[in-house]
Amino acid sequence: MGKEPAKSGPLARRPDNSAFMQQRLPAWSPMLTASTVLPFMYCMAALCLFLGVSLLVTVQGTQEMKVLVIILFGDVAILTAVRLPCSASVFLPGVMLFFYYGLQNFHQNLRKYMDSRDDAQMVGRTDSLKNPSTYCEPYIRDEKGLPIAPCGAVANSMFNDSFILQYLGSPTETVSLYRKGIAWYTDENVKFRNPPLNNQTLDQAFEGTIKPPYWKNPVYKLDPSDPNNNGFINEDLIVWMREAAFPNFKKLYGILKRTGRFADGLPAGNYNVIVSYNFPAQHFRGRKLVVLSTVTWLGGQNHFLPIAYLVTSGLVFLLAAALTTIWWKFGRNAKNLEE
Amino acid sequence: MDGQTLKYALSFELRQAFLDLALSCKAVICCRVSPLQKSEIVDMVKKHVKAITLAIGDGANDVGMIQTAHVGVGISGNEGMQATNSSDYSIAQFSYLEKLLLVHGAWSYNRVTKCILYCFYKNVVLYIIEQNMLRFPQLYRITQNAEGFNTKIFTALPPFTLGIFDRPCSQQNMLRFPQLYRITQNAEGFNTKVFWGHCINALIHSIILFWFPLKMLEHDSPFSDGHGNDYLFVGNMVYTAGMVMQCWYFWLGLILVPATCLLRDFAGMVMQCWYFWLGLILVPATCLLRDFVWNAGRRTVRKTLLEEVQELEARAVDPGAAVLRDASGRSLNERAHLLTRVFRKTPSSVGRSNSVQQTVTHGYAFSQEEHGVVSQTQVVRSYDTTRQRPSV
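So the sequences go chain by chain: A and B. Residues 201 to 539 in the numbering used here are what the first sequence lists, from first letter to last. Residues 35 to 426 in the numbering used here are what the second sequence lists, from first letter to last.
By construction, these hints were calculated from the structure, which means they are not laboratory data. If a hint is listed, it holds; no wrong ones were tucked in.
Subject to a maximum C-alpha distance of 25 Å in a straight line, what follows is the list of computed DMTMM-like cross-link-like pairs (lysine to aspartate or glutamate):
#, chain 1, residue 1, chain 2, residue 2
1, B, 249, A, 264
2, A, 529, B, 325
3, A, 529, B, 341
4, A, 330, A, 343
5, A, 312, B, 252
6, A, 312, B, 164
7, A, 457, A, 264
Extracted from the complex, chain B is given alone in its bound form (with noise of 0.2 Å):
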């Protein structure tokens, strides 16, 4: 469509049946577009589908889509900056934005949603312990001066790492495996569903947490030499078994909080007690023992594509080789799909009204490639659209 029809196409009585019909193509080519309309067209989209737009431009004159869209990505380079300083995020070429949806964009949703669940199951699970504590009050001192120190290093480096280094699977696989980008487009991630799930989680464990210590130490002598204990103890010991659950892949924490509460001597009669020790062993192991079941469990009865990829990562098998089979039986990857492509002549159907993606997805077509050898205006002109196709 151009400019001219356009400005028809988007008046108040037409607008809907334009986007019924502009949903219902694979692709809407609109030339000779004014910038209002570009974000016109966004804005439409945006109000009238359930789903998240992308404008991508490199001119002044895509200014206005890119700040309309929910992600705007501008190009920097031979129309000037302007489009990059308004843009969400800026690349160099066109053909970087697929490494920026699919690389990039999913491991940044992947660690943003590890970042805040995270986040909120630390702090359930620390605040309820103190609600707990408030049973006990002076126990709660124990955590305001351990907390100081200690929640900012222990509790902050895990999400620090991870949002830094995080990588579900590695970068040729998700450019390998289009679909994988399918999980933070159905927000599989991040839904109410996982976030209240992992409040219950949170919940539960600091239940234990609280009371396996508290119950330990009931009897006053924990010390092989008869000698008693008191409220720091009982305080420290809660406190550890919170920590060790929050990074407990920072062993540091079991030394370094004992060894930063109140009193010097704390460290020593702390990891002089058994209690301790076994307490360390038993209250992890029961806190996890759920999540550890029902994740091997998922994985074994019904395997997710992600988790079929990194399976295969880690034995250090190339994906690329073996032919992945989503939950329906087809093939998912691109030379399955171009073999039985060669030898059957599918009818292609007619009237997809409504289908804006097809069933099988099967990889993206970036062909447009700058710089390159054969500039795009020749691949254009090569074409000779008076032709018949032949019927594949």
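The following block holds chain A by itself, in its conformation from the complex (with noise of 0.2 Å):
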């Protein structure tokens, strides 16, 4: 500590002459004068209008479709029996770009459904895939007791409904969607991998493993029209396992394919969209969604933002004007001071 060796007498105990130890190390503390805050607020009632009128601008900028699905069939047992494809007609004008299906009163944050998982098991380890963690319970065994791949409610509730959306121009089009990359980077590649293969296909590494019980395929099975899209890897189920925060949310299904007709993205005009209503939403008392959506560096379409910076903006301005008055009168004299 650089102290020097103990003297002898009345100052021998004396602590360190130091800034620290005499408590005077340098430090600042921000004063809120009038003269400091009443430009800084001005600035920053400018600031927030200015990020305000540009992310209003970049907002509406976005534009968003929502489509309500109805079933248009009678009750629950004919649902279940029979997969009717249903269609609806809607007109879009101008370019959208991200397909969305959208569910409403679909809890995915009810803590005990969320718990509900084995990500060990998503990760591709053997022993995890045959012995699931006791979290996924009930959905951890089948009857004869050959473990569920992939366990847990959330995996046993994926969403799997399927839509095509066509556009109803000279000749009727499918719009072809991209149904890969719309998960995470980091899930697609880390979080999710398959259980490794040794020179097997993937239906035999998935051996001695069952399907969850509300699933039509077993996992390995999901998408046949693109054989490395199969397994824990398959898209559509990460993107379901990434659970919503709220009741009413939405999840990407597809981004559309610039090709053809769409290379500027689709044209106004009448389109359909074709749903194998597999999903059944009537169970809770949901509702489901198809959202077209374009996007910005901001993302989707959300007014909150913009508003919420112009709000602060006029508040900001009218406080500092009430500052200014108050300063103007009382302040400015600075009876309290003679020099």
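With the hints as a guide, bring the two chains together.
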């Protein structure tokens, strides 16, 4: 510490004369006087106004179309037995790029529901594949004792509707969508991995496991069109497994493939959305939506932030004006100080 | 008064009268007092007067009085360590009492009140957010994991540094303006009003901190590539907002909180999202707006002495040279007071029966100097009390 050797005498135990010991450390504390606060507040109001306006312009540049999917046929019994495609006609003005499906009143944020998954299984560990964690109860083994892959309520309740978007132009054309690249990069490549293949095929790797009870196909057959999109790395599964925070949410289904007629986006016109209605929304009194949206650098359409910025800017300006009047009346004379 | 007289004065019938008389004097000197009587006097004052008592002593006979008083100060040195061992504070010389009270006592008060208020503020904000989160149960999970680590570092460090380093104003000015000590005496830094004000403030902040990120991310597509988000993301934003408010001069919180979340990918995803940065400007600005304006307004309309001294310090003006006036226009520092006194004959007011403190106090007189050139015995003996004092 650099202390000198202890001297004898009355000053032997004096503490150091350093800035730390004598509490002389330099410090800065902001003093909110009118002369500092007022310019700052006006600048802040201007900044918030600028941000609010630019964000508003950006958000107004997004387009979003929400279509409610209503089942047109009878009652529940018929629906479970018969999978009927249904279609809804929509008119889309201009460029749309992202295709979402939305659910309302589906609480993916329920705690027991969210705990009911096994991330170790989904990252491809073989021991977890055969012995899923107990968090997945009751979707852990079937009656014969075979482990369920993927286990848990989250995977079990996977959204399994499929949508076909058709452009009703001179020849009716199906709009093709990218069904990959819809999940987070780290999810696709790190968090969800198939069990190691070791010169086997995928269904052999999943030998000895069984599909979840609500599923139609086992996990290695989720996507017949693309062999790389099967197993735990199926993107729809990954997107579903990222539980939403709110009961009314939307999840990405597909991204527009900009080829041919759709090179500049979706042309204005009439469209058909053909829904293979598998997910029974009426069981939880929810609703299904199809959402088509463009995005900007700020994401999809959400007016909250620009409006909040504008309101804050107005508020700050009002308060700054009030403070200026107060300063004008009281503070300018500085009666308290003479030198 | 000497010990013998005190025996009668402290008896039951005379006690109240003695107390009234003593309180109307500026100073009471008792000599030849036994230790028990010393503590009895302190006890009497403690019980009947709404004031904090301080006892200072240096010998074993002072131990009783030191322990009875609210604050006991022991002087270590000539008479052994008895007094210091039983005291709350111990100093080496009597003259250090001035600094102990005016500087360290006031600073201590300031620091402790700030820490307490901060502690309550932090708890209210974080736990009201958690209560809200029970509506969204799994958002709770992020606070559980992040909390263990972050709480200890980010929310423990601010009170720690405040407690060690905070200074309302510098040492010299605390000594020069003993009126600043009034702040601690009047409990201006910590009383019911201040406390509840802070709690309500915390409540409002927590509402803003919770709802703003929630509303921002409600549409589930915050990224420029159309990807969605999940509960962890929302929880993370809320919690970061909360952390930033707790330690808004600890900008590390910005970077480290997303980084210490459950999943490694989070730091990248959260930072990539424009809502995070835009929210980071908006949310603290909204929360702090009220405090900002209120403080600035109050300072403009009616400055307290402390604030004036701080401003002078900040402008590096020597406050001793300036003449400061209090609210009633009376000058507040020594020089000004002496100057007015020189040219004016003020009649001494008689019959100040219940003025324990004068309306204008101007400093203390610690004339006791130990090991000085002129010893106390000499000073006392040089006064000739038989002579008439000239009237002032």
